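K.L.:
These protein sequence lines map, in sequence, to chains A and B.
Mapping the first sequence onto the working numbering, position 89 (from 1) lands on 89, and the numbers just tick up by one.
Each number in the working numbering comes from the position in the second sequence (counting from 1) with 1000 added on.
Keep in mind that a hint or two might mislead.
If we take Cβ atoms under 10 Å as the criterion, some of the chain A residues that face chain B in the derived model are [to be verified]: (1) F55; (2) G58; (3) I81; (4) T84; (5) V89; (6) T117; (7) A127; (8) K178; (9) L208; (10) P231.
Derived EDC-like pairs (lysine to aspartate or glutamate); straight-line CA-CA distance at most 16 Å [to be verified]: (11) B:K1269 <-> B:D1208; (12) A:K126 <-> B:E1124; (13) A:K27 <-> A:D99; (14) B:K1322 <-> A:D99; (15) B:K1165 <-> B:E1006; (16) A:K207 <-> A:E218; (17) B:K1101 <-> B:D1174; (18) A:K144 <-> A:E24; (19) B:K1033 <-> B:D1233; (20) B:K1165 <-> A:D25; (21) A:K178 <-> B:D1174; (22) B:K1179 <-> A:D99; (23) A:K45 <-> A:D251; (24) A:K126 <-> A:D162; (25) B:K1129 <-> A:D121; (26) B:K1302 <-> B:E1041; (27) B:K1316 <-> B:D1305; (28) A:K144 <-> A:E219; (29) B:K1028 <-> B:D1018; (30) A:K154 <-> A:E219; (31) B:K1165 <-> A:D242.
In case anyone wonders, no lab produced these hints; they're calculated from the structure.
Being a predicted model, the structure only gives us computed values, none of them experimental.
Glycine is no exception: its CB is placed at the ideal position from the N, C-alpha and C atoms.
What follows is each chain in one-letter form.
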Amino acid sequence: MANNQTARYNMREFLASTGANLLEDGKSVFVGTGLPMIAGMLAQKTHAPNLLIIFEAGGVGPILPELPISVGQALTCYRGIAATSMHDVMSSCQAGFIDYGFLGGAQVDKYGNINTTCIGDHALPKARLPGSGGANDIASFAHKTIIIIGGQSKRTFVNKVDFLTTPGYLSGPGAREKAGLPSKTGPYRVITQLAVYGFDEKTSGMKLISLHPGITIEEVRDNSSFDILIPDKYAVSLEPTDRDLEILRKDIDPTGMLIGK
Amino acid sequence: MEVLHEGLGELVGWHDPDENREFVLHNKSRALKDKTMTASEAVASFVKNGDFIASGGFGHIRVSMNIIYEIIRQHKRNLTMAGKTAVHDLDLLVGNGCVNKVEVAYSFGHEVRGLSPAGRRMVESGKCKVIGEISNAGYQWRFLAGMMGLPFIPSRNLLGTDTGKYSSCKVVTDPFSGKPINLIPAAYPDVAFIHVHRCDIYGNCQIDGIMVEDFELARCARKLIITTEEIIDNEIIRREPWRTNIPFYVVDAVIEQPYGSHPCEMHGKYFFDEEHIAEWLSLSKTDEGVRQYSDKYIFGVKDFDEYLEACGGLKKIAFLQKREAMRVPLVTPWRK
């Protein structure tokens, strides 16, 4: 958040509540490790009590009592509707049962392609990252994919990802279908500490949807290596409510392991 | 069928389906026989240098850690590991020089705990090679094709990405829809090890909670070592046969090891030992630290029971049981 913000909330709390606001009741969401899990939990505890949360290792429809450390631990089916397998949930995802995929990433380009594999050369990388995990699958199959990038900068918003781990719109309009990916899928929103972005229908390029309070267009532009489409009309992002913050701090992440103290 | 793209990744663990049927015919017994043995005997008999290995569970969930420690204790070398969300197990094996090749879906990270110092150091210095990339569903479906006795399984992931390009998959034109479709090659690991809640002496297993990929992995592995929290009577299996997740005829060894997933979680029984994982994450920042860890917890003890004592024994176990039941708060000692 901008420096002039009061200290009512921190950046990660803001990202979590912004993510939660995008999720609808009565829909399904496939959540990855970290902030996506928190956003899903917050949505479930506020406006979307019947949000169907699905974890890649086989946890289906839990009512989460505390924040899981892993997308495979027992909590991921706590008071759930099924404890099943990766084959089952990934097949359902491929067959079209998942509305939202919710992912993090290290680098993203203007088409929403994500890198979580390596920085530098693949054979002898400068930094080796964990790889796809379930991200390639989720972004291939979910009807809409939401991406959280906590630190938008020229280093994370890049012209070309070092490694295209997870598909956005690939090289542009029509490229997903041409590659054989399920039709009418792709990235839907990108959430960063500065703004929320969507994708232009004609060019498939990233465009501004809402600026966070106190953030300027210049800051958005200065923190991206590619040109972000700025439409004439854009909104100001909603701030977390006091209730959101109380739930995040007391119920979801009391140790502050992800949202910080 | 026209091949549109061919992945650059090394194809590991693939066999012609007829060749694998021959292997099954001659090596997987359908006789009901007692397969109980020690971890040391199982690793000595079934894990060979150069093997392609796969570990059950998921990340730090329900992992056969007593077999992992035994592989290190027996100095196995040049192993290739399925990085099918392999985390703590892989990190220990890579850090100790047992595994030097990995096919990666998710590796070298500990989810919210951070990245793996040991695994990353070995990859970034070239001592451990990433021989291919794939996704979690992709790996899962390698095992599915294997258990079905098929050469490959079609899928709609990995398409258009570098993950697909660096995998061992091929993209062809689907003769039905006319669209490009990804073909994921079958995997038949030389040996897999899976930790379960309970099984009988023959290897009929019950797993509580999510199966992750173990239904498929158990059935495609050429050799399967089962470690179990407890051995139960065959009559209990027969009373509720719908609870059998893994049948005896795919199992080669049964080892009873209570708390055998430590420091990983066991659904409904015990939580992650966050203090122990934090100790590894801290020590594994240097090669010297890896040696210190292994001297203390692997080479300095004769077996897994002694290891559990070194980790805090009954007192620690009682705490992890309470934590799994959410009766005590979470501790996160790995936080910076």
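K.L.:
Run the structure past the numbered hints and jot down the numbers of the failing ones, going up.
P.N.:
Of the numbered hints given earlier, those the structure breaks are 3, 9, 10, 14, 17, 20, 22, 28 and 31, listed in rising order.
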